[in-house]
Amino acid sequence: MMELETLIQSFANALVLGSIYAMVAVGLALAFGVMQMANFAHGELFMAGAYVVYVLYSLAGLPFFIAVIAAFPIVALLGVLFERAIFRPTRGNVLAGFMATAGASFIFQVLVGQQWGVGLMRSVPVPYKGSAEILGAAVSWQRLAIIPATIIMVGGLWFFLKKIKAGKALRACAQDTEAAVLQGISINKMTMLAMFLSGGFAGVGGALMAPIIPVTPYMGHVYAITAFIVVIVGGMASIAGAVLAAFILGFIHTFVSTLYDSVTATMVGVLFMAIVLIVKPTGLLGNVKV
Amino acid sequence: MLKSSANSSVEFWLPVFIIVGFLCVAPQIVSAYRLELLTIFLINVILAQSYRLMTTTGDWTLCHYILMGVGAYATGILAKKFGVPFYAAMPLAGMITVGVSLLFAVPLSRTIGFAFFIASFALGEFVRHVWLKFHNPFGGARGVNGIPKLEIGQSGDWYFVDFWDSTNFYFFTLIFTVLVLVILYRIDRSRIGNAWKAIYADSELCESIGINVTRARVMVFCVAGFFAGIAGSLMAYLIGSIDPHNFEMVEMVYLIIWVVVGGVKTFWGPLIGVISMSLVFELSRPLEEWRPLLFGVILIVFLVYMPGGLETIIPRFKSFFVDLFGKKEIS
Amino acid sequence: MSFFSVKKLSKNFGGLQANHMIDLEVEEGEIRGVIGPNGAGKTTFFNVVSGFYAPSSGTVEFKGQVISGLHSSKIAKLGVVRTFQRAALFPDFTVLENVVIARHLNADVSLMNAIFRHNNKAEAGNLERAKEIINFLGLEHEQDNIAANLSHGYQRVLGVAMALATEPEMLMLDEPVAGMNSGEKAIMVDHVKKIRDDWGITVLLVEHDMKTVMNLCDKITVLDFGEKLAEGLPEDIIHNKKVIEAYLGADEIVA
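Protein chains in written order, with my numbering: chain G, 1 to 290; chain H, 1001 to 1331; chain F, 2001 to 2255.
For reference, chain G alone in the conformation it holds in the complex:
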């Protein structure tokens, strides 16, 4: 059905796509797990990261990987802004917070569009040119670089959550908020930290993708949708579930795209989500019915 070359290429692309999905979805699962913060504008955080690279690397000429690293704190702070301005006043009402961030996504898109233009897509020159040759298939270095970047970041997150005090406090908050408060953990600090990380991860995801996909104010939309589907499939508050689902959906999307087209790929992804919901409503690794 598929030539070896295409198979290798698709496999590599699927790993890359899965990595991006993971990078974007992990922050969503974290924010949701800690305090049911559902960020409709998560795609806009992704987009912000891409624009950080556009401004710092494309316009200002800084080295690419400096721009990517800079995307983390910059977009992370945007995440904190969301927490203070939107999630804190709507705490307790998931839908309200979610719809309010929908409003925020409108605001962001307009602001970015007005500042850097809407019509033409900004193109970011590719820093790592050329491609790797694997068994006859060519996969660009730029894309491949995403895989180790994701491993490092998600691995770092895992380490943070398991071994670092603040990370453990986050997990405590996610498991049982009341108990966490009794332990002296400040909910506000935890929600800010969660949104900080959430923004940072989405931002880096966008930053890494900036040379690969068109940079427009609306570029984050598709990734946000996919991130939500990933999180539902994986289990709303489960980070491990998000990573697992990210790769499953990444593979589904890549292979179906290659065999048919991307519209069909999206449809298959949604069908997969519907089936998971019917068979296991809490998601693959989830155990909380939200």
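Quick caveat, the hints were computed from the structure, so don't treat them as lab data.
Any given hint might turn out to be false.
Said to hold, decoys possible - Lysine-lysine pairs mimicking DSS-like chemistry, simulated, CA-CA at most 25 angstroms apart: (1) H/K1197 <-> F/K2242; (2) H/K1197 <-> F/K2121; (3) G/K280 <-> F/K2074; (4) H/K1197 <-> F/K2077; (5) F/K2131 <-> H/K1197; (6) F/K2194 <-> F/K2008.
Please build the complex by placing chains H and F on the supplied structure of chain G, with the hints as guidance.
Showing chains H and F alone in chain G's frame:
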């Protein structure tokens, strides 16, 4: 809630009278272009009120706008490809939308709260991608064009109505809107409507007294879907074409803005939302590309500071007028 | 065919065995009490038997039909209805409206009727019956009050009224007098007696309050550590050595 029928009649018919009265003279006052906008406004009222129906059980979806699209496509295809007249195409389109709603309800009824919301969105996206992908019969990315206008009789018949005149379609839509409002109001005040509100209040209790909550939620979803389909049907006849790009998420967010700004607890909330936001939309035209920002701000402000919507300040207006005129409160 | 029987009922949650091989039979017209010290598994037993959980093994049968594993709303339709320990009501509606809503099983709930209201006679009948039930339970003076404004005692009575509105053959009461003062308890006991005496409804209740149970029940089943410990008439149970031992240390038994 279970008011005496006299009072509830006044509560319903008074605003309807006022509004319909105004709307009837509108064609005399406004231009044909504005008339088309008013027609769209009426269709949005149907859409918003049908959405409210679902919220009485506490179910908020993100696929409602797509369901309107299902009704639009169904009508467009039936009318254009099969020459089905409107009095068959419209109810058929409504039933097809009910069918799609039922399909959605299978995975959706397994989720609640937030996952329900997101899953509804994903399912809506699925349908939108189906429209984009399949050239036959949906026309793919180009959509359906050249939908024949509504036809009642032929010229020469005494009952002929010329729908090339936008005023006629406007009144056609107006009649439909009033009809839909009456039906929705009656349902809201009925035993079923109260059962739905009860489900929102305490679904466990409802189960124990014999109300099958899952079945009820599916039913609300389908009834709301039917009216969304009708709205889509009207839209298809009005515009004459369907573009799948007009059914993207942004439109759904505007629907949410209407019901958030208006409120959903009382029957008239969404109407207030559609009226106020339509006015803001028109008046803010000079803002051009900054418009979505304005609406983003409105949405956030309302959700944070007035989550109940504008309808929550109506009792204050009422008592203001009562104090002013010293009448006994109509409540 | 027994009226209501529980056969070899077991329920575990993960590793925890909450109920183990419980047998129980209730005759028609009986008032049966289920008691036991804390942690005996009464609440689990009640939730399984009233259809809120499915059993891990064993069956619950009502008039020969297996009801275990059925949806609660289906069980209610078959004539077995439960009340709640918490104040379960529709807070924004009046007391009368609450009971009318609870007439759901006896109403025309079709969409056509909602729109056209052609079946008004049936609704009038439901209204009458709702008022009858409210009078029967002494709630008439609160009839038009918003349910959320009632005292806790009256809210529990409303819960019973709503259960009665379904025209049950069997009523299951979850700690009917919990949180009540002695006056309210006496009133509830009267109500339950009347429900059985005047309307012939069979009652199964789970309770902590010994005095109430002794006063009210024809027969008592005692659970301990998830198993049936003893069963019999109140005066036998109260002198049953095993029962006393099970409660040893707690001053719940009124000797």
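Would you mind confirming whether the straight-line C-alpha gap from F/K2194 to F/K2008 stays at or under 25 angstroms? violated (32 angstroms)
Taken at face value, is the distance from the CA of H/K1197 to the CA of F/K2131 at most 25 angstroms? At roughly 21 angstroms apart (the allowed maximum being 25 angstroms), H/K1197 and F/K2131 satisfy the hint.
Measure nothing beyond the straight line between the CA atoms of H/K1197 and F/K2242; if it is 25 angstroms or shorter, mark the hint as holding. violated (49 angstroms)
Is G/K280 within 25 angstroms of F/K2074, Cα to Cα? Within the cut-off at roughly 24 angstroms; holds.
Is the hinted pair H/K1197 and F/K2121 satisfied, with a Cα-Cα distance of at most 25 angstroms? holds (23 angstroms)
Taking 25 angstroms as the top limit, are the C-alpha atoms of H/K1197 and F/K2077 close enough? holds (21 angstroms)
Hints 1, 6 from the list above are not met by this structure, while the remaining hints are.
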